[in-house]
Amino acid sequence: MQAREMAVLVPAVIVVAVFLVIWLVSALMAKKAEIVCREIINSHFNELRLLNDCWLTAGIFPDKGILALLGDRMVFVSIFFNKSLEVPLSEVTGLKLPRFALPDRSGLRVLWVQLGPRRLKLSMNQFILAAWKTALEKASPMLAASGISAGIK
Amino acid sequence: MSRDQIGVLLGFLFFAAIIGIDIVVFAWIYRQRRKADRICRELIERQINEIKMVAYAKFVRSAGFNQNGILAMFNDRVVFRPLGRGQILEMPLAQISRVSTGRFGSGMGVIKKLEFELGNQRLRFYIPPLVSSAWREAIEKTMPAISPRPIG
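Top line first, the protein sequences correspond to chains A and B. If you count by the numbering used here, then the first sequence holds residues 1 to 153, one letter each, in order. If you count by the numbering used here, then the second sequence holds residues 1 to 152, one letter each, in order.
Treat the hints loosely; a few may be bogus.
Calculated cross-link-like contacts (lysine-lysine; reagent style BS3-like; alpha-carbon spacing at most 25 Å) [what the hints assert, rightly or not]:
1) B/Lys-35 with A/Lys-96
2) B/Lys-113 with A/Lys-64
3) A/Lys-121 with A/Lys-83
4) B/Lys-113 with B/Lys-35
5) B/Lys-58 with B/Lys-141
6) A/Lys-138 with B/Lys-35
7) A/Lys-31 with B/Lys-58
8) A/Lys-83 with A/Lys-64
9) B/Lys-113 with B/Lys-141
10) A/Lys-138 with A/Lys-96
11) A/Lys-96 with A/Lys-31
12) B/Lys-113 with A/Lys-32
13) A/Lys-121 with A/Lys-138
14) A/Lys-121 with A/Lys-96
15) A/Lys-64 with A/Lys-96
16) B/Lys-58 with B/Lys-113
17) B/Lys-35 with B/Lys-58
18) B/Lys-141 with A/Lys-31
19) A/Lys-64 with B/Lys-58
20) A/Lys-32 with B/Lys-141
21) A/Lys-121 with B/Lys-141
22) B/Lys-113 with A/Lys-31
Which chain B residues stay away from chain A? Per the calculated CB distances, all over 12 Å, these [as the list claims (entries may be wrong)]:
23) Gly-7
24) Gly-11
25) Leu-13
26) Lys-35
27) Val-60
28) Phe-65
29) Pro-92
30) Gln-121
Facing chain B, according to a computed beta carbon distance under 10 Å, are these residues of chain A, among others [said to hold, decoys possible]:
31) Ser-26
32) Phe-45
33) Gly-65
34) Ala-131
If you're looking for bench data, these hints aren't it; they were derived computationally from the structure. Backbone N, C-alpha and C fix where the C-beta goes; we use that ideal spot for every residue, glycine too.
Please put together the full structure from these sequences, using the hints given.
Below, the structure is given as C-alpha cells:
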C-alpha cells in the first residue's frame, strides 16, 4: 500500500474506532442504567418519589448514575462503577440552588445538598432540578421543620 | 471604503451575529427554565405523596413542532405539562393499554422514545434514555394487565 493511501486510511480507521468506542460505552451505560432502574422500581416502587439520571460529585471526580428519592432517603447508584450511595433525608441540612446560573450547552444545572459538614453536588437536567429541590425541602425533616432550607440563595 | 475595511466589518458583523444568536437562545432557555421551575414546584407542592417520577420530555405531535414539557407520573395517571402554549395532557393509567420504549436512543443517546397507547390514540414522547426503562417498568407495574410488547 502506498504512503498516500495509508495517510487517508489510518485517520479514517481512528475516527471509526473512536465512534465505535463511544457507541459501545453508551450502550453499556444504557444497559446498566436499565438494570438499576428495574431494580429500584421493583424493590422500592411504593416509596418512590422521584427518579432521574444525574452526575453526583461527592469527592473530587463526578460520577454518573441514577438518583432516586425514596420515602426517607436518597439513593444514588453509579452506572460507571459498582457502587451506590445512600443518604438519609434526616441528614440533609441545607440546599443551595444558584438562582441566576446561565443556561449552558450541557443542559445541566447544579444543586448543592448540604449534609452537615460535607456536601454533595448534583448536576441534572436544568428543567427538572426545581422538582428535586422542592421535594427535598418537603421530605427532609430538618428543612421541613425550619420552613426554609438553610443556605439557599 | 477599501476591501480590507469591508473584510474587517464583515468579520465584526459575523461575530456580532453569533453573539446575538447566543444571547437570544440563552434568554429563551432561561425563560423555559423559569416556566419549568414553576411547573415542577406546583407538581411537587400539591401532590408530593402521589408523585412517582418527573422527567423533561418532548411530546411528538403528528402535525406541527414537537412540544417541550414536564412529564410526571402519579399513582393513577401520567400528566404532560407543556412549557409553551398548549393543553395539559392527562393520561389515566387505567386507560393506557400498552407502553413501549424505543430500542435505540437517538441524537447520540440524548433522547429515547416512550410511547403510550390509549384506545386508538398513540402518544409519543422523547425522554432521557437512561430513565426510559424506569418509566416503562413503573407503568407496567402499575398496570399488571398491560402488554409489554413493543408497539408497531
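Hint by hint, here is what the structure shows:
| no. | hint | in the structure |
| --- | --- | --- |
| 1 | B/Lys-35 with A/Lys-96 | holds, 19 Å |
| 2 | B/Lys-113 with A/Lys-64 | holds, 21 Å |
| 3 | A/Lys-121 with A/Lys-83 | holds, 17 Å |
| 4 | B/Lys-113 with B/Lys-35 | holds, 24 Å |
| 5 | B/Lys-58 with B/Lys-141 | holds, 23 Å |
| 6 | A/Lys-138 with B/Lys-35 | holds, 21 Å |
| 7 | A/Lys-31 with B/Lys-58 | holds, 23 Å |
| 8 | A/Lys-83 with A/Lys-64 | holds, 11 Å |
| 9 | B/Lys-113 with B/Lys-141 | holds, 19 Å |
| 10 | A/Lys-138 with A/Lys-96 | holds, 15 Å |
| 11 | A/Lys-96 with A/Lys-31 | violated, 32 Å |
| 12 | B/Lys-113 with A/Lys-32 | holds, 18 Å |
| 13 | A/Lys-121 with A/Lys-138 | holds, 19 Å |
| 14 | A/Lys-121 with A/Lys-96 | holds, 10 Å |
| 15 | A/Lys-64 with A/Lys-96 | holds, 20 Å |
| 16 | B/Lys-58 with B/Lys-113 | holds, 9 Å |
| 17 | B/Lys-35 with B/Lys-58 | holds, 15 Å |
| 18 | B/Lys-141 with A/Lys-31 | holds, 20 Å |
| 19 | A/Lys-64 with B/Lys-58 | holds, 23 Å |
| 20 | A/Lys-32 with B/Lys-141 | holds, 20 Å |
| 21 | A/Lys-121 with B/Lys-141 | violated, 32 Å |
| 22 | B/Lys-113 with A/Lys-31 | holds, 16 Å |
| 23 | Gly-7 | holds, 30 Å |
| 24 | Gly-11 | holds, 24 Å |
| 25 | Leu-13 | holds, 24 Å |
| 26 | Lys-35 | violated, 9 Å |
| 27 | Val-60 | holds, 17 Å |
| 28 | Phe-65 | holds, 17 Å |
| 29 | Pro-92 | holds, 18 Å |
| 30 | Gln-121 | holds, 25 Å |
| 31 | Ser-26 | holds, 5 Å |
| 32 | Phe-45 | holds, 6 Å |
| 33 | Gly-65 | holds, 9 Å |
| 34 | Ala-131 | holds, 4 Å |
Checked against the numbered hints above, the structure violates hints 11, 21 and 26; every other hint is satisfied.
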